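This is what each chain is made of:
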Amino acid sequence: MDLKQKVESLSIIETKALKALDSEKPKTMEEIAQKSELPIDSVRRAIEWLKEKELAKIEEEKKETIVLTAIGKSSLRKALPERLFVEALQQMKGKGSLEDVFKKSQLNRPEFNVAMGLAKRNAWISIQGGKKTVLEFTGLEKEFLEGNYPLEKTMKKIKEALELNKEEKKALQEALKRGLAEKVIDVEKKALLTADGKKAIALLETVKKRAYNVYGAVPKIFIGKKHPYVQFLDNARAKLLELGFKEMKSPLITQEFYNFDALFQPQGHPARQWTDTYQLKQPKTGRLPDKKIVERVKAAHENGWKTGSKGWDYKWSEDIARKVMPAAHGTAHSARQLAKGVKIPGKYFSIARCYRPDVVDASHLIEFNQMEGIIIGKDFSFKHLLGMLKEFAVEFGQTKETKFLPDYYPFTEPSVQLSVKHPKLGWIELGGAGIFRPELTQPLGVKEPVLAWGIGIDRLAMCALNIKDIRQLFSQDLTWLRNTKQVVE
Amino acid sequence: MPNVEASKRDLQKLIGKKLDAKQLEEAIEFAKGEIELVEGDRIVIDEKDTNRPDLLSAEGIAREIRARIGIEKGLPKYKVRKSNVSVIVDKNMAKIRPYIAAAVIKNVKINEEMLVQIINSQEKVCGTFGRKRKEAAVGIYDWSKLKQPMHYRAYDPRVKKFIPLEYRIEMDLEEILLEHPKGKEFKHLLEGFAKFPIFEDSKKVVASMPPIINSQLTGKVAMSTKEFLVEVTGHSQETVNTALNVMVSAFGERGFDIYSVKIKYPNKTIVTPDFTPGKITVEVDEIKKISGLELSTKQIVELLKRARYDVTIKGKKLLCKYPAYRPDILHPVDVAEDAIISYGYNKIEPEPIRISTKGSELKTKKFKRACENVCVGLGLQGVLTFTMTSKEKQAEMIGFDSKKEQFVEIENPVSEKYTVFRKNVYPELLEFLGKNKHAQFPQKIFEIGKTLELDSKAETGTIEKNKLCIVFSGKGADFNVSKGVLDAIADNVGFKYSLKENKTQSGLESGKSAEIAIEGKKGFLGELSKKTMQNFGLDQQTAVLEIEI
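From first to last, the protein sequence lines stand for chains A and B. With our numbering applied, the first sequence covers 1 to 489. With our numbering applied, the second sequence covers 490 to 1038.
Incorrect hints may appear among the rest.
With a Cα cut of at most 25 Å, we get these calculated BS3-like pairs of lysine-lysine [unchecked claim]: (1) Lys284/A with Lys35/A; (2) Lys190/A with Lys53/A; (3) Lys912/B with Lys447/A; (4) Lys954/B with Lys447/A; (5) Lys693/B with Lys340/A; (6) Lys507/B with Lys562/B; (7) Lys972/B with Lys310/A; (8) Lys306/A with Lys507/B; (9) Lys836/B with Lys383/A; (10) Lys1019/B with Lys35/A; (11) Lys378/A with Lys778/B; (12) Lys847/B with Lys378/A; (13) Lys246/A with Lys803/B; (14) Lys847/B with Lys390/A; (15) Lys847/B with Lys310/A; (16) Lys880/B with Lys421/A; (17) Lys803/B with Lys485/A; (18) Lys249/A with Lys854/B; (19) Lys284/A with Lys954/B; (20) Lys847/B with Lys239/A; (21) Lys383/A with Lys584/B; (22) Lys598/B with Lys343/A; (23) Lys306/A with Lys810/B; (24) Lys946/B with Lys972/B; (25) Lys506/B with Lys598/B; (26) Lys315/A with Lys584/B.
Which residues of chain A face chain B? A partial, calculated answer using Cβ under 7 Å [said to hold, decoys possible]: (27) Lys246; (28) Leu386; (29) Met388.
Keep in mind the hints are simulated off the structure, nothing from the lab. Everything numeric in this text was worked out from a predicted model, so none of it was measured. We put the beta carbon where it would ideally sit given N, CA and C, even for glycine.
Let the hints inform the model, and build the full structure from the sequences given.
This is how it looks when you write it as structure tokens:
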């Protein structure tokens, strides 16, 4: 292959890498990547190809560097044995028996022996024999205690890769001997243009590239797109809009009044304790709605009000209802909407961010989305509730095969669980529903039956995005996001 | 939702009819349970109704099923024999934990399965219906070790001593609260009282310290125990009676003999257990209206008998009596649900909803979508981060003083990573970039999301803002890029803005950043300062744009 043919056969990546090379100064792979704007892995491959085509050559440069060993690093973090030794003796007021110093220093025996040897060599201590060996400071230890110790300084410099002076080079020998530091050899690859390579660059300008390597890889193009989970939720929203639902406001922070009290959840209920819901340090409280509504909710809790209920028979506190909290479920927003006023007949929904103090794992998040809503109409019965769920099974479960199970929610009666045979997941619990209790709706000013429903949206999202771990809904992996297909479900 | 563990053999025996796997599954659905696991003879039932303490044991589930599948009908009957046993309540309990109910059970024959059932259902009844022992705490004792009359009275915590369950040494009441695992778990229930409750016999032998712990010597039942004393304490006679009924009726299901106990309060005496059924009147039409089913009065009565009600027809009204172990019937809708469950949810023909309404989304969503379209057109990748985060990220790492900055803050965080709500989106996106340094550059990302700030005038004490945040990272990601993007959004979404020198938003390079004002809303743009880049571990040039939309 002559040079011209070679140039014609170059891929785009090779061309870019070639142009980033120099004939005089060898360049590192990182430098080439920066100049060519290619990913580093592409650069490495391209340089190998260019080498085979004899347009580039690779130089390997060996570099000797000195680094701290693991022992060196840990001694630097804590202290060298000799320092622990001297400090032990210092705590004993400068004099003590060998065994006492040993215990106090908390060193092991070999470390202790090294440290004592050093202390003696540096004349920091004198040793008196006899029945018991006694160690005593000489006065020369002061400089060391003040922190003036070449070995430690040298090790710090090695850690920061700084130049060593003459005295420190001496200390380096000791560090190497004691295994606190070691020499390592790095091999760095640098690339340089060959003579042909230089000519090839010149040719690039003149040769009209007739032959692309049509089989070669081209740089990847990443398009702009929505986050896949956001896209999924938008699709769900579009389906609800088609079904005639109106979107409700879904604030992140709500009064306990809407999260619990208006839903007829008694104030002493365990679900309201702080292991089950988040509470706020600040702000603490918010405002309650119209006094009439508050009075009626209070009466519903205490004695059932005019709803025909017994109520919960306890003293209801406005102060508890006034507290604010991160919304624990989307039903809080349905309560807010009912209190504000609804059209009859009417359909409402929310896709709301909700919060619960769980431990995060493959199936739990502390922050997640709930999709739910209400349908209000004069003559609605349990039969209509099932009719509504049938429709949801088709829209969201992609199936007509359903099963209804008795269920329990504190705010609905009757309650029902919707199970469907999902084409991909098999039988799953798709959602829950029920007719809001009269103790909930009547105090909020609604006389007609309110059908309430919720769909387990996160489970469906995981299926649509083909993921097993719920944490991936909030994936922090850019490559995964870029490579995820458009969500159509 | 509580799990009920049982032996399949035991459950079948209690139901009294052989059911195959499918029949058993359907039967359990009648009792609002779902089979979670079958493993040999062991069966775990997920009980969904947290307001039905009577369904938290194999005995209770079997009793419900027997009626629903037609083996029995109407109220279950339990014979209560009279005894001379009494509990004397001291007047010093009035302000601490005033109410108690008790019963004696004789002719007890239990095996290991039953013992497990008793202990589990006791725990579950206290946990759910008893509101974690606050409203009802159950104690079961070996009656042969106690001498009547029993006393329920309060003692000075330093004076009274006994050996708590699973311990070997005597401890005073204060020590128990501080050291025993159950003491630590439930000590808040006795907070603020100078004296603590003690349940003891006529010879001052301690049976328990309600609602904390039983005595190791008398408050432990075993397979060899032949006679039980059961007691429930709490803050309402009705609640403790119901809890006692739940426990005692389960023993009745096993065929044990139930004996009553006199409770002698300072000013009156009552007898427990009290199985007088609850009463509620329901209109026939109301059940028809709620269910949507065309049912005759006779049919409805039959359905309710299968839900263990006794019913008397009075014109268009039904006078219903329901078992004394059910605390969940507050309103005729509760009776209606029972009738529908008896009918069978899956036998009902669903009725399509035929109302005509127009769907519409919130106004903010429309504007959000317009911004999103521009971002996608600009080739940006959408990302999604949490609204809960840490002060460190939202203040320190972008150069604000975390002591001075005020946040909407969590009182009970589970992790240090999530303690406040974010005020700005961009620190979250910078963290995202820091985790993606190996991915191909340039990196261009955006998020549209909510942020929260304190506002004492607002309804919830907080003000919510929708923010659009864009971050560019890589060669050439400079001030001009961020401003160019702002122009592109302004032109395409249709708003005007003005810029001024950045004085308030830290974390950005001064002289290469600006504050934005958009029709009363704020924002900022520009290059990150070196320090911010270091804090998030970024090595490529990075520019941000964040505006309220």
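Results of checking the hints against the structure:
A distance of roughly 55 Å separates the Cα atoms of Lys284/A and Lys35/A; the hinted pair therefore is violated under the 25 Å criterion. For the hint pairing Lys190/A with Lys53/A, the CA-to-CA distance comes to about 17 Å; that is within 25 Å, so the pair holds. Using a Cα cut-off of 25 Å, the hinted pair Lys912/B and Lys447/A is violated, with the two alpha carbons roughly 41 Å apart. At roughly 35 Å between alpha-carbon atoms, Lys954/B and Lys447/A are farther apart than 25 Å, so this suggested pair is violated.
Our distance criterion of 25 Å between C-alpha atoms is broken by Lys693/B and Lys340/A, whose separation comes to about 60 Å. At most 25 Å may separate the alpha-carbon atoms for a hinted pair to count; Lys507/B and Lys562/B meet this at roughly 19 Å. This hinted pair does not check out: Lys972/B and Lys310/A have alpha carbons roughly 64 Å apart, beyond 25 Å. For the hint linking Lys306/A to Lys507/B, the alpha-carbon distance of about 47 Å lies beyond 25 Å, and the restraint is violated.
A hinted pair counts as satisfied when its Cα atoms are at most 25 Å apart, and Lys836/B with Lys383/A qualifies at roughly 11 Å. Taken as a hint, the Lys1019/B and Lys35/A pair is honoured in the structure, with Cα atoms around 22 Å apart against an allowance of 25 Å. For the hint linking Lys378/A to Lys778/B, the alpha-carbon distance of about 11 Å falls within 25 Å, and the restraint holds. Taken as a hint, the Lys847/B and Lys378/A pair is honoured in the structure, with Cα atoms around 18 Å apart against an allowance of 25 Å.
Under the criterion of a C-alpha separation no larger than 25 Å, the hint pairing Lys246/A with Lys803/B is inconsistent with the structure, at around 44 Å. This hinted pair checks out: Lys847/B and Lys390/A have alpha carbons roughly 20 Å apart, not beyond 25 Å. Only pairs whose Cα atoms come within 25 Å are accepted, and Lys847/B paired with Lys310/A is rejected, the gap being roughly 38 Å. Among the hinted pairs, Lys880/B with Lys421/A is inconsistent with the structure: their alpha-carbon atoms are about 45 Å apart, more than 25 Å.
Using a Cα cut-off of 25 Å, the hinted pair Lys803/B and Lys485/A is violated, with the two alpha carbons roughly 65 Å apart. In summary, the hint linking Lys249/A to Lys854/B is supported, as the alpha carbons are separated by about 11 Å, within the 25 Å threshold. This hinted pair checks out: Lys284/A and Lys954/B have alpha carbons roughly 20 Å apart, not beyond 25 Å. Simply put, Lys847/B and Lys239/A have alpha-carbon atoms about 13 Å apart, close enough for the 25 Å limit, and the pair holds.
The straight-line distance between the Cα atoms of Lys383/A and Lys584/B is roughly 49 Å, outside the 25 Å bound, and the hint therefore fails. For a cut-off of 25 Å, the pair hint linking Lys598/B to Lys343/A is broken: about 61 Å separates their Cα positions. For the proposed pair Lys306/A and Lys810/B, the alpha carbon gap of about 22 Å is at most 25 Å, so the pair holds. For the hint pairing Lys946/B with Lys972/B, the CA-to-CA distance comes to about 34 Å; that exceeds 25 Å, so the pair is violated.
Between Lys506/B and Lys598/B the alpha-carbon distance is near 22 Å, which keeps this suggested pair within the 25 Å criterion. With a C-alpha separation of about 16 Å, the suggested pairing of Lys315/A with Lys584/B holds against the 25 Å cut-off. Taking 7 Å as the C-beta cut-off, the interface hint given for Lys246/A holds, the closest approach to chain B being about 5 Å. Of the supplied interface hints, the one on Leu386/A holds, with its beta-carbon coming within about 4 Å of a beta-carbon of chain B, less than 7 Å.
This hint holds: Met388/A has a C-beta 5 Å from the nearest C-beta of chain B, less than the 7 Å allowed.
The earlier numbered hints that this structure contradicts are 1, 3, 4, 5, 7, 8, 13, 15, 16, 17, 21, 22 and 24.
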